[in-house]
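Novice: Input sequences plus hints: build the corresponding full structure.
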Amino acid sequence: MTEIRIVNLQKEFKDLIAVRDLTITFPSGEVTCLLGPSGCGKTTLMRMIAGLEEPTRGDIYFDDLKVTNMAPSKRNIGMVFQYPVVYRGLNVFRNIELPLIEDKLPQNERKERIREVADIMGIQDDLEKDITQLDNSTRQKVAVAREVARRPKIILFDEPITNVDVDSKDQLKEALKRLTRQLKQTIVYVTHDQTEAMTLADRIALMRDGAILQRDTPRELYNHPNDVFGGWFLGNPGMSFIDLEIVEKNGSKFIEKGFFVQPVRLTGQIKDSKITLGIRPEQIKVTDQPGANSNQAKVVRKALIVGGQVLVTLSMANRVFKAKLPAAQGFPKAEIVYVEFPMNKVTLFGGDGKRANIQMSVVPNA
Amino acid sequence: MNDRQGVPTSRTKPSWFKKAMRWYDNSKLFPTTLLIPVLVFFIVWNVVPTLWMVGLGFYNYSLITGAPEKFIGIKNFLDIAKDDTIWHNFGRTFLWVILTTGIETILGVLLGFLFWGSSKLPGRRLALTMLFTPMLLAPASTGTFFRLIYDPIFGVLNYILTLFGVTPIDFIGNRVWAFFAVMVVDIWMWTPFMILIALAALGSVPKAELEAAEIDRLPWHKRLIYIVLPYGKFILMLGVLLRTIDSFKTMDLIYLMTQGGPGNTTELIAIGLWRKAFEGFTMGWSSALALLLLFTAIAFTSVYLFVLNQNKKQSEGG
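These protein sequence lines map, in sequence, to chains U and F.
All residue numbers in the first sequence are consecutive under the working numbering, ending with 494.
All residue numbers in the second sequence are consecutive under the working numbering, ending with 298.
Quick caveat, the hints were computed from the structure, so don't treat them as lab data.
Built from N, CA and C at the ideal position, the CB exists for glycine as well.
Among the hints, a few may not be true.
Below, computed lysine to aspartate or glutamate pairings styled on DMTMM-like, alpha-carbon distance capped at 20 angstroms [claimed, not checked]: (1) F:Lys202 - U:Asp258; (2) U:Lys301 - U:Glu244; (3) F:Lys213 - U:Asp258; (4) U:Lys402 - U:Asp416; (5) U:Lys305 - U:Asp344; (6) F:Lys100 - U:Asp191; (7) F:Lys202 - U:Glu230; (8) U:Lys402 - U:Asp355; (9) U:Lys281 - U:Glu225; (10) U:Lys413 - U:Asp371; (11) U:Lys482 - U:Glu373; (12) U:Lys482 - U:Asp355; (13) U:Lys281 - F:Glu194; (14) U:Lys202 - F:Glu194; (15) U:Lys301 - U:Glu158; (16) U:Lys430 - U:Glu410; (17) F:Lys187 - U:Glu182; (18) F:Lys100 - U:Glu181; (19) U:Lys202 - F:Glu191; (20) U:Lys281 - U:Asp191; (21) U:Lys202 - U:Glu230; (22) F:Lys100 - U:Glu182; (23) F:Lys187 - U:Glu287; (24) U:Lys281 - F:Glu191; (25) U:Lys305 - U:Asp321; (26) U:Lys305 - U:Glu244; (27) U:Lys312 - U:Glu302; (28) F:Lys202 - U:Asp231; (29) F:Lys187 - U:Glu181; (30) U:Lys232 - U:Glu244; (31) F:Lys202 - U:Asp344; (32) U:Lys232 - F:Glu194.
Covered stretches of chain F (in silico footprint by chain U; criterion: 3 or more residues with CB under 8 angstroms from a CB of chain U, positions within the stretch not fixed) [said to hold, decoys possible]: (33) 185 to 192; (34) 201 to 210.
Specialist: Take a look at the structure:
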């Protein structure tokens, strides 16, 4: 069991800061996904943990051991790369065995471990095959098995699914899921694919521009992003954002009329005269019939998305936003629909794009 | 486009010249014309002499007797087959090719690996540049230099040896040493070439595979076998092929150092041929031998290309 502690880590390339003064701890025995768009520094961070990249500043610790400038071979880590790395001229069994021989394990122990990981990865029938006969996804499974069989304290995955053909992606993802549930190692998993991160992670660390914006369980991160970026990046499509005016009445601050049926009072740290309301498109309730808590909106555009769900673009009090309707509901029948924003699903953001520490309360007769 | 309608443009009907040019551009004549200079050069300097040589191989033709050339069929070839010196020369040449190419390849790969692994060491660039200088020198000057270095009386090598109490050795005048002394010079000259090839081969290895090997803690020789060679072997084979062909025709270097001596202990086939042709002026006989050499070289090349193709098939099959 090893935790990875990163302290004030910075990595600069010629004219680019890839990782910016980063301090974070990856808890031992957990799967942490580094999620972020391309170029956010997630791979660079992982490569520094592996020792394949030297930090410009800052330190990396494995428990209390400082590894900042230690050679990768001395760190006792495993790493699975984006392109399946296999050793040529050897069969699958010998491929997995190769690093075990370097660890000077006795033969029967090696055999046992290889059997075990091969079962988990579903390659038990391929053990005798030559590595060049295998397709990319099986090769990647071999690469994963090889790293796992060694039982290093830390295993790093660098987008292991990205370069596998579409059909095998789910299969490999499933195998990884099985694996991560069984392993007790500390796992850091880099991906730009949110579904992958949502499926595999105990915690997701959301990265942008070399910084970690938020680290939380997938559910928490999805429902309550700390940041407009998190709301936008996660989900398909991302959060709907609506900029609302704050109006003052009798010394209290209220959200402008038209979005909530009853007056909504804001309390807490209100700095600006505007506030951004964020809500997941699927959490917006859209109905054909007027309801007690809904307001009228106009349908601007309709589209069908995967799984039969309907994505509608709505316009309400001159604001345009997206809502997702369940497949069972189907397309809205009229141009005018009725929309309700459930207050407990709404996240408020301040002018700086960060989640605002502001509470909403319904004041019926204000 | 529309606003140009009705406005007379400068484009007029193609004249006969333009028509001809267009036809010429479109026909296959155009690329052929581009090839003509090369073809002429190739035919005049390559094909004609080769055919001439093939023809001469069936004649008895000497430049010194002054007798007219006489067709003698395959007698030249039969004479060569019966000539013990030629067979010895052949044997020596094969030994030479195998030893020099082999040692150059092994040294080249090891040094290349070392250089490539030391990419962060200061002074690496300078060391590489210096390492490549032997290759840039003309074999003639290298031969002359080394003849001086090996000289038993005022050579620097023997001077150093005497400092250690060794009696001077006439390296290139000694029947035992001469062959190896000359070989060392060839290795000195051509190992840099194989380093260059090895570096190119190493450059073709994907970075991630090497990083994975580093993380998997594979020792260097396993990295070489399982990662570097599978990727680099094509380039490496090409280097070996070039070196084999080149060392098969080694001539100038040895001629300047030993002239094939002492006795004929360093007489490679190319030197033997040169002597017969330009010291003995037996043109017919020499042409026959040259033809045999040509076939040997072609055979060598074919074997390599065959192996290379087999390798390629194997890795493509996977």
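Novice: Does each hint hold? Answer for all of them.
Specialist: Now the hints, each set against the structure:
1. With a C-alpha separation of about 18 angstroms, the suggested pairing of F:Lys202 with U:Asp258 holds against the 20 angstroms cut-off.
2. With a C-alpha separation of about 18 angstroms, the suggested pairing of U:Lys301 with U:Glu244 holds against the 20 angstroms cut-off.
3. Only pairs whose Cα atoms come within 20 angstroms are accepted, and F:Lys213 paired with U:Asp258 is accepted, the gap being roughly 19 angstroms.
4. Proximity of U:Lys402 to U:Asp416 is assessed by CA-CA distance (about 30 angstroms); at most 20 angstroms being required, the pair is judged violated.
5. At most 20 angstroms may separate the alpha-carbon atoms for a hinted pair to count; U:Lys305 and U:Asp344 meet this at roughly 19 angstroms.
6. Distance check on the hinted pair: F:Lys100 and U:Asp191 sit about 29 angstroms apart at the alpha-carbon level, beyond 20 angstroms; violated.
7. For the suggested pair F:Lys202 and U:Glu230, the alpha carbons sit about 10 angstroms apart, so the restraint of at most 20 angstroms is met.
8. Our distance criterion of 20 angstroms between C-alpha atoms is met by U:Lys402 and U:Asp355, whose separation comes to about 16 angstroms.
9. Taking the CA atoms of U:Lys281 and U:Glu225, the gap is about 18 angstroms. The hint holds against a cut of 20 angstroms.
10. For the suggested pair U:Lys413 and U:Asp371, the alpha carbons sit about 19 angstroms apart, so the restraint of at most 20 angstroms is met.
11. Simply put, U:Lys482 and U:Glu373 have alpha-carbon atoms about 17 angstroms apart, close enough for the 20 angstroms limit, and the pair holds.
12. Straight-line distance between C-alpha atoms of U:Lys482 and U:Asp355 comes to about 4 angstroms, which keeps the hinted pair within the 20 angstroms bound.
13. Taking the CA atoms of U:Lys281 and F:Glu194, the gap is about 16 angstroms. The hint holds against a cut of 20 angstroms.
14. For a cut-off of 20 angstroms, the pair hint linking U:Lys202 to F:Glu194 stands: about 9 angstroms separates their Cα positions.
15. A hinted pair counts as satisfied when its Cα atoms are at most 20 angstroms apart, and U:Lys301 with U:Glu158 qualifies at roughly 17 angstroms.
16. Restraint check: the Cα-Cα separation between U:Lys430 and U:Glu410 comes to about 14 angstroms, which is no more than 20 angstroms; the hinted pair holds.
17. For the given pair, F:Lys187 sits about 16 angstroms from U:Glu182 by alpha-carbon distance, which is consistent with the 20 angstroms threshold.
18. Of the pairs offered as hints, the one joining F:Lys100 and U:Glu181 holds, with about 13 angstroms between alpha carbons and a cut-off of 20 angstroms not exceeded.
19. For the hint linking U:Lys202 to F:Glu191, the alpha-carbon distance of about 13 angstroms falls within 20 angstroms, and the restraint holds.
20. Among the hinted pairs, U:Lys281 with U:Asp191 is consistent with the structure: their alpha-carbon atoms are about 11 angstroms apart, no more than 20 angstroms.
21. With a C-alpha separation of about 12 angstroms, the suggested pairing of U:Lys202 with U:Glu230 holds against the 20 angstroms cut-off.
22. With a C-alpha separation of about 13 angstroms, the suggested pairing of F:Lys100 with U:Glu182 holds against the 20 angstroms cut-off.
23. For a cut-off of 20 angstroms, the pair hint linking F:Lys187 to U:Glu287 stands: about 16 angstroms separates their Cα positions.
24. As the CA atoms of U:Lys281 and F:Glu191 are separated by approximately 18 angstroms, the hinted pair is consistent with the 20 angstroms bound.
25. Between U:Lys305 and U:Asp321, the direct Cα distance comes to roughly 15 angstroms. Compliance with the 20 angstroms bound is thereby established for this hinted pair.
26. Between U:Lys305 and U:Glu244 the alpha-carbon distance is near 16 angstroms, which keeps this suggested pair within the 20 angstroms criterion.
27. Taking the CA atoms of U:Lys312 and U:Glu302, the gap is near 18 angstroms; set against the 20 angstroms cutoff, the hint holds.
28. As the CA atoms of F:Lys202 and U:Asp231 are separated by approximately 14 angstroms, the hinted pair is consistent with the 20 angstroms bound.
29. Only pairs whose Cα atoms come within 20 angstroms are accepted, and F:Lys187 paired with U:Glu181 is accepted, the gap being roughly 13 angstroms.
30. With a CA separation close to 18 angstroms, the supplied pair U:Lys232 and U:Glu244 stays within the 20 angstroms bound.
31. Taken as a hint, the F:Lys202 and U:Asp344 pair is broken in the structure, with Cα atoms around 42 angstroms apart against an allowance of 20 angstroms.
32. About 17 angstroms separates the Cα atoms of U:Lys232 and F:Glu194, which keeps this hinted pair within 20 angstroms; it holds.
33. Residues of the stretch 185 to 192 of chain F with a Cβ under 8 angstroms from some Cβ of chain U number 5, which satisfies the need for three, so the listed coverage holds.
34. A stretch counts as covered by a chain when three or more of its residues have a beta carbon under 8 angstroms from one of that chain; for the stretch 201 to 210 of chain F and chain U the count is 5, and the coverage holds.
Checked against the numbered hints given earlier, this structure breaks hints 4, 6, 31; the rest are met.
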